[in-house]
Amino acid sequence: MDYTPSELMAVSGARELQDRQVVAVGVGLPMVASLLAKRTHAPNMAILFEIGVIDSEPIHTGVGLADPRVWYRAKYLSSFVDILGTLLHRGRVDVGFLGGLEVDRYGNLNTTLVGDPKGKFRHMVGSGGANDIASCARKTIYIMRHEERKLRETISFITSPGYIEGGESRAKAGLVGGPSRVITDKAIFGFHPVTKRMSILSVHPENTIEDVVATMGFEPHIPEQVPFTEPPRPDQLKLIREEIDPERMYIG
Amino acid sequence: MDYTPSELMAVSGARELQDRQVVAVGVGLPMVASLLAKRTHAPNMAILFEIGVIDSEPIHTGVGLADPRVWYRAKYLSSFVDILGTLLHRGRVDVGFLGGLEVDRYGNLNTTLVGDPKGKFRHMVGSGGANDIASCARKTIYIMRHEERKLRETISFITSPGYIEGGESRAKAGLVGGPSRVITDKAIFGFHPVTKRMSILSVHPENTIEDVVATMGFEPHIPEQVPFTEPPRPDQLKLIREEIDPERMYIG
Amino acid sequence: MTKRTSLSEAVRSIPSGAHIGLSGFSITRCAMAFVREVIRLGIKNLTVSQCVGAMDTDMLVGAGAVDRLIYGGGSLDRFGLLANVNAGIETGTLLAEEYSSLSIAFRYLAGSLGLPFIPIRSLAGSDLLARIRERAGAEVAFVDDPFTKDRWLVLKPLVPDVSIMQVQTCDEEGNSWIMGPKWDSGEQVKASERTIVIAERVVPTELIRREPERCVIPNLLVSHVVELPYGAHPTSVYREYDYDADRIEGYVEATKSRDAFQAYLDAYVFGVKDHGEYLEKVGGMEKLESLRADPVLGY
Amino acid sequence: MTKRTSLSEAVRSIPSGAHIGLSGFSITRCAMAFVREVIRLGIKNLTVSQCVGAMDTDMLVGAGAVDRLIYGGGSLDRFGLLANVNAGIETGTLLAEEYSSLSIAFRYLAGSLGLPFIPIRSLAGSDLLARIRERAGAEVAFVDDPFTKDRWLVLKPLVPDVSIMQVQTCDEEGNSWIMGPKWDSGEQVKASERTIVIAERVVPTELIRREPERCVIPNLLVSHVVELPYGAHPTSVYREYDYDADRIEGYVEATKSRDAFQAYLDAYVFGVKDHGEYLEKVGGMEKLESLRADPVLGY
Numbered sequence: 000m001d002y003t004p005s006e007l008m009a010v011s012g013a014r015e016l017q018d019r020q021v022v023a024v025g026v027g028l029p030m031v032a033s034l035l036a037k038r039t040h041a042p043n044m045a046i047l048f049e050i051g052v053i054d055s056e057p058i059h060t061g062v063g064l065a066d067p068r069v070w071y072r073a074k075y076l077s078s079f080v081d082i083l084g085t086l087l088h089r090g091r092v093d094v095g096f097l098g099g100l101e102v103d104r105y106g107n108l109n110t111t112l113v114g115d116p117k118g119k120f121r122h123m124v125g126s127g128g129a130n131d132i133a134s135c136a137r138k139t140i141y142i143m144r145h146e147e148r149k150l151r152e153t154i155s156f157i158t159s160p161g162y163i164e165g166g167e168s169r170a171k172a173g174l175v176g177g178p179s180r181v182i183t184d185k186a187i188f189g190f191h192p193v194t195k196r197m198s199i200l201s202v203h204p205e206n207t208i209e210d211v212v213a214t215m216g217f218e219p220h221i222p223e224q225v226p227f228t229e230p231p232r233p234d235q236l237k238l239i240r241e242e243i244d245p246e247r248m249y250i251g
Numbered sequence: 000m001d002y003t004p005s006e007l008m009a010v011s012g013a014r015e016l017q018d019r020q021v022v023a024v025g026v027g028l029p030m031v032a033s034l035l036a037k038r039t040h041a042p043n044m045a046i047l048f049e050i051g052v053i054d055s056e057p058i059h060t061g062v063g064l065a066d067p068r069v070w071y072r073a074k075y076l077s078s079f080v081d082i083l084g085t086l087l088h089r090g091r092v093d094v095g096f097l098g099g100l101e102v103d104r105y106g107n108l109n110t111t112l113v114g115d116p117k118g119k120f121r122h123m124v125g126s127g128g129a130n131d132i133a134s135c136a137r138k139t140i141y142i143m144r145h146e147e148r149k150l151r152e153t154i155s156f157i158t159s160p161g162y163i164e165g166g167e168s169r170a171k172a173g174l175v176g177g178p179s180r181v182i183t184d185k186a187i188f189g190f191h192p193v194t195k196r197m198s199i200l201s202v203h204p205e206n207t208i209e210d211v212v213a214t215m216g217f218e219p220h221i222p223e224q225v226p227f228t229e230p231p232r233p234d235q236l237k238l239i240r241e242e243i244d245p246e247r248m249y250i251g
Numbered sequence: 000m001t002k003r004t005s006l007s008e009a010v011r012s013i014p015s016g017a018h019i020g021l022s023g024f025s026i027t028r029c030a031m032a033f034v035r036e037v038i039r040l041g042i043k044n045l046t047v048s049q050c051v052g053a054m055d056t057d058m059l060v061g062a063g064a065v066d067r068l069i070y071g072g073g074s075l076d077r078f079g080l081l082a083n084v085n086a087g088i089e090t091g092t093l094l095a096e097e098y099s100s101l102s103i104a105f106r107y108l109a110g111s112l113g114l115p116f117i118p119i120r121s122l123a124g125s126d127l128l129a130r131i132r133e134r135a136g137a138e139v140a141f142v143d144d145p146f147t148k149d150r151w152l153v154l155k156p157l158v159p160d161v162s163i164m165q166v167q168t169c170d171e172e173g174n175s176w177i178m179g180p181k182w183d184s185g186e187q188v189k190a191s192e193r194t195i196v197i198a199e200r201v202v203p204t205e206l207i208r209r210e211p212e213r214c215v216i217p218n219l220l221v222s223h224v225v226e227l228p229y230g231a232h233p234t235s236v237y238r239e240y241d242y243d244a245d246r247i248e249g250y251v252e253a254t255k256s257r258d259a260f261q262a263y264l265d266a267y268v269f270g271v272k273d274h275g276e277y278l279e280k281v282g283g284m285e286k287l288e289s290l291r292a293d294p295v296l297g298y
Numbered sequence: 000m001t002k003r004t005s006l007s008e009a010v011r012s013i014p015s016g017a018h019i020g021l022s023g024f025s026i027t028r029c030a031m032a033f034v035r036e037v038i039r040l041g042i043k044n045l046t047v048s049q050c051v052g053a054m055d056t057d058m059l060v061g062a063g064a065v066d067r068l069i070y071g072g073g074s075l076d077r078f079g080l081l082a083n084v085n086a087g088i089e090t091g092t093l094l095a096e097e098y099s100s101l102s103i104a105f106r107y108l109a110g111s112l113g114l115p116f117i118p119i120r121s122l123a124g125s126d127l128l129a130r131i132r133e134r135a136g137a138e139v140a141f142v143d144d145p146f147t148k149d150r151w152l153v154l155k156p157l158v159p160d161v162s163i164m165q166v167q168t169c170d171e172e173g174n175s176w177i178m179g180p181k182w183d184s185g186e187q188v189k190a191s192e193r194t195i196v197i198a199e200r201v202v203p204t205e206l207i208r209r210e211p212e213r214c215v216i217p218n219l220l221v222s223h224v225v226e227l228p229y230g231a232h233p234t235s236v237y238r239e240y241d242y243d244a245d246r247i248e249g250y251v252e253a254t255k256s257r258d259a260f261q262a263y264l265d266a267y268v269f270g271v272k273d274h275g276e277y278l279e280k281v282g283g284m285e286k287l288e289s290l291r292a293d294p295v296l297g298y
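If you read the protein sequences in the order shown, they are chains H, B, S and A. Going letter by letter, the first sequence gives residues 0 to 251 in numbering that gives the first Met the number 0. Going letter by letter, the second sequence gives residues 0 to 251 in numbering that gives the first Met the number 0. Going letter by letter, the third sequence gives residues 0 to 298 in numbering that gives the first Met the number 0. Going letter by letter, the fourth sequence gives residues 0 to 298 in numbering that gives the first Met the number 0.
Misleading hints may appear alongside valid ones.
Among the chain S residues that face chain A by a calculated CB cut under 8 Å, a handful are [to be verified]:
1. Ala64
2. Arg67
3. Arg150
4. Val158
Mimicking DSBU-like on lysine-lysine, the simulated pairs with C-alpha atoms at most 35 Å apart in a straight line are [claimed, not checked]:
5. H/Lys119 x A/Lys148
6. S/Lys148 x B/Lys138
7. A/Lys255 x H/Lys119
8. H/Lys117 x A/Lys255
9. H/Lys138 x S/Lys2
10. S/Lys148 x H/Lys117
11. S/Lys255 x B/Lys119
12. S/Lys2 x H/Lys237
13. S/Lys2 x B/Lys117
14. A/Lys43 x H/Lys149
15. S/Lys43 x B/Lys119
16. H/Lys171 x S/Lys148
17. A/Lys43 x B/Lys171
18. H/Lys171 x A/Lys43
Just so you know, these hints were derived from the structure itself, not from any lab. Predicted, not measured: the structure shown is a model, and the values here were computed from it. No residue lacks a Cβ here, since even glycine has one placed at the ideal position from N, Cα and C.
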């Protein structure tokens, strides 16, 4: 295998994005995936960072959204209210692209705490714009490591709602959209259209369904046909390695 | 008399303003009065124009707020939402300074139409920011010509509320503030603290109470003592004539 | 992706009956060339909104292209009143919903943020509110503040189908700078479903990236970009050109009778095939050069 | 009228128990010198708000100066978590009301506009909302949209007593430019009763008048102006200086135990008499020069 799992995750993420879409992204692999899409098949996609940045073209890797490296060559520098209010809350964001700490079978995302929220727990980062993006984007894509402690039967805290308790419960909470994909380093998941339970869409090359399921905290829906995930193309790898994340800060 | 009635009106308006106040002004005599105050006793007053301008220093007379002459040397150029929202509606404007077409004894102001609103009428300019200023400023000052058809028993339309029907009726409508002065070319009026009816505060030099009342459409409250209005000082006249309105566009 | 197109093509994207927001304020940054093309192409039954009624709206109304106007009052500053708008209101041929500057700005703001309604202190106790409730009752309501129990007037968001924005500078994707005060332009654009940008000049995106804090309209809101110098004539564009006082006076004169206004339209709209011919007709380069803004003064 | 004063005098204007809004976002434009002076002067029992929790807040919490935090989550980006904030939440010594970025921004926006409440689509169906309703029930409520009858969550305005704004450039009256993205700074300042501006440089008002579109904070909102180069160190200020990675790593290391954090405060807060001595202690001119932003890159 001439690519890393993170590279495959980024390429798989990029593949979910279409030209002319408006995409709100967090830092890390979502940013790598979005920049890759924009430099390949989606040149007219708009990439939004909640801090108030549109369509920057970083040439140095930043440590996070607060790093001016990530704002370099932006076309528009504004505010939370502009990005998360007039674009996201107004309904103009096609795709929200998030990382996460824990996700459950209904795509509810936790970035707040691990442990027992009423007892002993460790507090982590909280929402930032994640709850807003998960609540207001037309659809949401998550990228995260494939580990039992991350893909959990029950998560400690719902920071950002997915399909809540499945079925119609998200719509009943007054929310449109919802998670469409969970991309891990072993597989790509979608959500069943009716039950809203997580469902395997593809497993990455050199992985098996058995291993994918055995390393998760809950059993996903498994369709009869599960293809392998398409591997990265050399031009995509070259872009990631030489231009988008040359310091390998996100691509381990 | 070595000054015009308009000059006295502008000077009287300026005298109502204090240093460090935040003043929202319309174009015309209110602007002349505010610029005069700022150049004399109120250098730290902030002058706001609804279009999005703070503390400009015009050197040419403009035809209205839409004239870039009026924005010259501003410290801040922004928007309606900033001026009328984050400053006025937020409660930061001490004084609103307006002109008007018609006013009644309770300080209700009409800039919308003359005639019978349900029958034959002529439509004029409407509100612009006048209603907002009259509704949200801590107090409001009007400057207008002293004519029977302007100081009316009944006005055709309440564009900008004063004390509505007098007494507590403004407070009952959910509004604070209210008109504090009406400055005409014959007199200065205030409002009775309880009845909220217009009351003569001073008559301009060379005018009489009798003439003031005879040329109005309603009878104002007349206190026992009515002094003469203080005339303009030479330095004030010089500033108006040489710097603030050298083309005499507002000062007839 | 370039969105550059001709004025005519941009105007043709607007169906009769659409709700358009216009960028003018009185006699500045008015979408005049746009309005002339709308009239030329015979687009009708428009709803027009803007915070402060301006010359762009008055001319559209005078040409019979507008059914409904949602605005906060307005004039041509000291040149005169919005005579066509006023005549439409007086004769009942124009359905005018009249607010204040802030209440329209708040309705756009609510539209821009996806708020279902927005509370406001203005309008209370006025005949403006009484009229709005008669004519457009479904657009205002009262809500109890759940925190204080006070009763508040709330306004419905205002969402034009398309905003027509006269700007100084943009790139071919539509990223736009607006110099000077912005009145309601920012909120109107962000509320509208899409925006047509009409710019004095189109610059490389590279220049936009050099001063991204200046960008007021991100390209993702823009459907068409039209490069059209002097597109706001006879109104002014800050830092570009002054208003043409003679031509505005001529317009005001023409609004004094139906015949005179028809003659005005015949001369300046129907009598010229496009904006280029219009500019020639109003005096050509010599006149236009005389209106160029002084770079220090901005007018 | 000059509002220039010393950092110490500006800080002394804030009583213990006040609600302060801070300008930081993670590790950029944080009010670090301000926070060090607050700790030095022993101001306590503060309520702190900001959209995204940052190093300024974390240090104040670590020093025991904060009773209550109203924020949308946060971190030190890849340097680490807000260890002091998190410890305060975990042990219950800090009353944290945790929202999302937009819900705090909307609460400031409502405060800035004098709105009694603001509707929002976020938070629904999340444990954030469940927690907020338990802990701060009086700050959220539900209202029926009078136009559609849909039920909407509404938030109460957030109005700090004073906003502490780290900016690049201002004049002595407080008119301020903020370069780069502004996150919640604009709304926070406009919501707050007053603002203390801490600027890299104070310029003549004449310069402010040359580019009035850049002005984000009009002077009438400002009570104090403090000129304090490198006032955000070790965090970054766009176009001025980069974050000091070594010093942030040192901070993160120090947050790993109470003793280490006390030693950190002893060294960098109590052990220096003012900002000048602090800058000497962290490496002086040589180190600071190495952080200067490249004028093209902005970092």
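Open item on the list: Hints numbered earlier in the text: which of these fail when held up against the supplied structure?
Closed with: Hints 1, 2, 3, 4, 5, 13, 14, 17 and 18 not satisfied by this model.
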